[in-house]
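Residue-level listing of the chains:
Number of protein chains: 2
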Amino acid sequence: MSAPKGTNVTFEDLETPAPLVDLAIVDANLKRMQDYCDSHGIRLRPHIKTHKSIAMAKRQLALGAHGITCQKLGEAEVMADAGIDDILISYPLVGKAKRLAALAARVKMTVAIDSEQALTTAAEAAASAGHTIGVLVEFDSGAKRTGVVRVEDALALARKIAETPHLTFAGLMTYPANENTVAFVNAARAAFDDAGIAIPMVSGGGTPDAFSVHELGVIDELRVGTYIYNDRMMIGAGHASLADCAFDVIATVVSRPEENRAIIDAGSKSLTSDPAGKGGPGHGLIRAYPDTVIDRLSEEHGMVDLTHSTAKPEIGEKLRIVPNHVCPVTNLHDAIWVEADGEISEWPVDARGLTR
Amino acid sequence: MSAPKGTNVTFEDLETPAPLVDLAIVDANLKRMQDYCDSHGIRLRPHIKTHKSIAMAKRQLALGAHGITCQKLGEAEVMADAGIDDILISYPLVGKAKRLAALAARVKMTVAIDSEQALTTAAEAAASAGHTIGVLVEFDSGAKRTGVVRVEDALALARKIAETPHLTFAGLMTYPANENTVAFVNAARAAFDDAGIAIPMVSGGGTPDAFSVHELGVIDELRVGTYIYNDRMMIGAGHASLADCAFDVIATVVSRPEENRAIIDAGSKSLTSDPAGKGGPGHGLIRAYPDTVIDRLSEEHGMVDLTHSTAKPEIGEKLRIVPNHVCPVTNLHDAIWVEADGEISEWPVDARGLTR
Numbered sequence: 214m215s216a217p218k219g220t221n222v223t224f225e226d227l228e229t230p231a232p233l234v235d236l237a238i239v240d241a242n243l244k245r246m247q248d249y250c251d252s253h254g255i256r257l258r259p260h261i262k263t264h265k266s267i268a269m270a271k272r273q274l275a276l277g278a279h280g281i282t283c284q285k286l287g288e289a290e291v292m293a294d295a296g297i298d299d300i301l302i303s304y305p306l307v308g309k310a311k312r313l314a315a316l317a318a319r320v321k322m323t324v325a326i327d328s329e330q331a332l333t334t335a336a337e338a339a340a341s342a343g344h345t346i347g348v349l350v351e352f353d354s355g356a357k358r359t360g361v362v363r364v365e366d367a368l369a370l371a372r373k374i375a376e377t378p379h380l381t382f383a384g385l386m387t388y389p390a391n392e393n394t395v396a397f398v399n400a401a402r403a404a405f406d407d408a409g410i411a412i413p414m415v416s417g418g419g420t421p422d423a424f425s426v427h428e429l430g431v432i433d434e435l436r437v438g439t440y441i442y443n444d445r446m447m448i449g450a451g452h453a454s455l456a457d458c459a460f461d462v463i464a465t466v467v468s469r470p471e472e473n474r475a476i477i478d479a480g481s482k483s484l485t486s487d488p489a490g491k492g493g494p495g496h497g498l499i500r501a502y503p504d505t506v507i508d509r510l511s512e513e514h515g516m517v518d519l520t521h522s523t524a525k526p527e528i529g530e531k532l533r534i535v536p537n538h539v540c541p542v543t544n545l546h547d548a549i550w551v552e553a554d555g556e557i558s559e560w561p562v563d564a565r566g567l568t569r
Numbered sequence: 214m215s216a217p218k219g220t221n222v223t224f225e226d227l228e229t230p231a232p233l234v235d236l237a238i239v240d241a242n243l244k245r246m247q248d249y250c251d252s253h254g255i256r257l258r259p260h261i262k263t264h265k266s267i268a269m270a271k272r273q274l275a276l277g278a279h280g281i282t283c284q285k286l287g288e289a290e291v292m293a294d295a296g297i298d299d300i301l302i303s304y305p306l307v308g309k310a311k312r313l314a315a316l317a318a319r320v321k322m323t324v325a326i327d328s329e330q331a332l333t334t335a336a337e338a339a340a341s342a343g344h345t346i347g348v349l350v351e352f353d354s355g356a357k358r359t360g361v362v363r364v365e366d367a368l369a370l371a372r373k374i375a376e377t378p379h380l381t382f383a384g385l386m387t388y389p390a391n392e393n394t395v396a397f398v399n400a401a402r403a404a405f406d407d408a409g410i411a412i413p414m415v416s417g418g419g420t421p422d423a424f425s426v427h428e429l430g431v432i433d434e435l436r437v438g439t440y441i442y443n444d445r446m447m448i449g450a451g452h453a454s455l456a457d458c459a460f461d462v463i464a465t466v467v468s469r470p471e472e473n474r475a476i477i478d479a480g481s482k483s484l485t486s487d488p489a490g491k492g493g494p495g496h497g498l499i500r501a502y503p504d505t506v507i508d509r510l511s512e513e514h515g516m517v518d519l520t521h522s523t524a525k526p527e528i529g530e531k532l533r534i535v536p537n538h539v540c541p542v543t544n545l546h547d548a549i550w551v552e553a554d555g556e557i558s559e560w561p562v563d564a565r566g567l568t569r
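Those protein sequence lines, which keep their order, are chains Y and W. Position 141 (the first sequence) corresponds to 354 in the numbering used here; numbering is contiguous. Position 14 (the second sequence) corresponds to 227 in the numbering used here; numbering is contiguous.
Careful: at least some of the hints might be erroneous.
You can't tell identical chains apart in this list, so a pair holds if it fits in one copy or across any two.
Unchecked claim - Below, in silico cross-link-like pairs of lysine-lysine (DSSO-like), each with a Cα-Cα straight-line distance of 27 Å or less:
| # | residue 1 | residue 2 |
| --- | --- | --- |
| 1 | Lys357 | Lys531 |
| 2 | Lys309 | Lys531 |
| 3 | Lys271 | Lys244 |
| 4 | Lys531 | Lys373 |
| 5 | Lys244 | Lys321 |
| 6 | Lys525 | Lys357 |
Just so you know, the hints here were simulated from the structure itself, not pulled from any lab data.
Only chain Y is shown next, with the shape it has when bound in the complex (with noise of 0.2 Å):
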């Protein structure tokens, strides 16, 4: 698999904040997982919201993904640009018929739906483009975000999406995938049968708890995303340790006001304000110095307590940090670094900030 080129720089010579990727670690990832959904008879639709990479979407699409997962248009027009043809928007798309519709004119879209009007923007966008559109339809699995949360909606729902010129239902889909799901698919399944429409797959997603999404029973495509960096988070959740973190945020400490008090060149600007949940305290994980916590950010600025450090980091030094969520700093940097067989090169965020 080729790399993007960019301009290649040495650690030390790295401008920080700069996020730097291990393209070892990434590949091991994604190995990972495309092995397990092998093993089990599960379709992977990575989610690309992670990394918003060409280059990363296609190492996905080289190991054996069945196309991609994006949330937003603005992603997927990226995407498709790229050459990859085989696209779900796992998001409700109200009002923009006609974005959706170029893309249906050249690539195989599939979107989900949990409304009437998300149901009518893809039904103008597939009459519009002539080409069929593949319409899941989301329910909710206990995160109470979209997805409708009774059976009979999506009954309804999936009667209409049946009836309605160009658009195929082609099954349905939730986040993440956990019990709930396999109640309302299994409720789903009696109500459908009854009705005579064919489920023709369930898709689940979330990385936390992937590798065990087989034991559902019920699931037929695994979309996930954070998978292919890992982050603090993901430690927290049991689904990775810190040597499958791929993602780092480097930094310098600038300041060294206090002897326990350690300020560095990242904040809320490079890093986020997510917190990390059970993956530890603070905003990220220091790799040299586990024992400090980065427990206040600014813009620019991460104060670091080492209070609890019997090292202590100087000024002018570099540091590896884990983020919290790796999702969200992806789209605050316009390239990584990435590091491979000991060169590190610049790749670009191709969808970065792409919300819409």
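Since the structure of chain Y is already known, use the hints to place chain W on it.
Using the frame of chain Y, we list chain W on its own:
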């Protein structure tokens, strides 16, 4: 003041999520702060970290601002490229002398330091550029961020600055300006007098208490950023009212899975996870539905609790949302939409993502 040209759109056509700025409120906020500073003989040096926009910086300068403040070299480079010729980097630069030298060779540069390492960077840059760099010594007024904590350390650094070729001791700097600032400055004046070193000026920062800094009696220069747009934090701090908030994120309701839950298409990748502090609960204020609470965010979803609102937004409805903390929100978006005289046009966020 001419505005950058961009495609004009109507509010109805605006694709969401989208940052929308009311230029009349911006101008009122800028004028209010400039008038305040003028009336108290304080020099205003606006911090561009909030807007990261060349056009906005030029509006501030046109009203009488005395140069600008940047937090990072990348911001300063963009502003210097645009012809802004008096820039303070209110942040300790460590090991980036070459880029600072390139700036000092073409514009009037001032930097803040709090360590010998940062002093060395400034000295190397000034020597390499062959141009004088002004150096402020940052002290800690209680934020426990950067800044020396002892007067004797400030004095030692000032002495070294004065002894270094091409460096000028430009004064003392702190954030925020408060009662501790007064105590430190008074103690410093006594110690510096004894040492025969003049303190040319004192620079203080922070929008929340900006309108009372004259009462401190020691602030010569004011660095403020958030005042241009304001946000829920500034409302909570008593600096602004809702009518002074110029920057909204426009989002669309994309799902209404239950009577009392709406989902909007703005999550942490559009609004950030920053809390509002005393500005109120949740992740932003929906202007038209002030009794709702955006109680949870995922990356592209905002979950809105409608329980305490008799009016409930419908799917497809566009909502104006006042963000909790506008500075990191700006940094998520490559462009803002600016509403002026009934027209909406796109302005670039020129220094977005420039954290190095």
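Checklist entry - Are there hints from earlier that the structure breaks, and if so, what are their numbers? => result none
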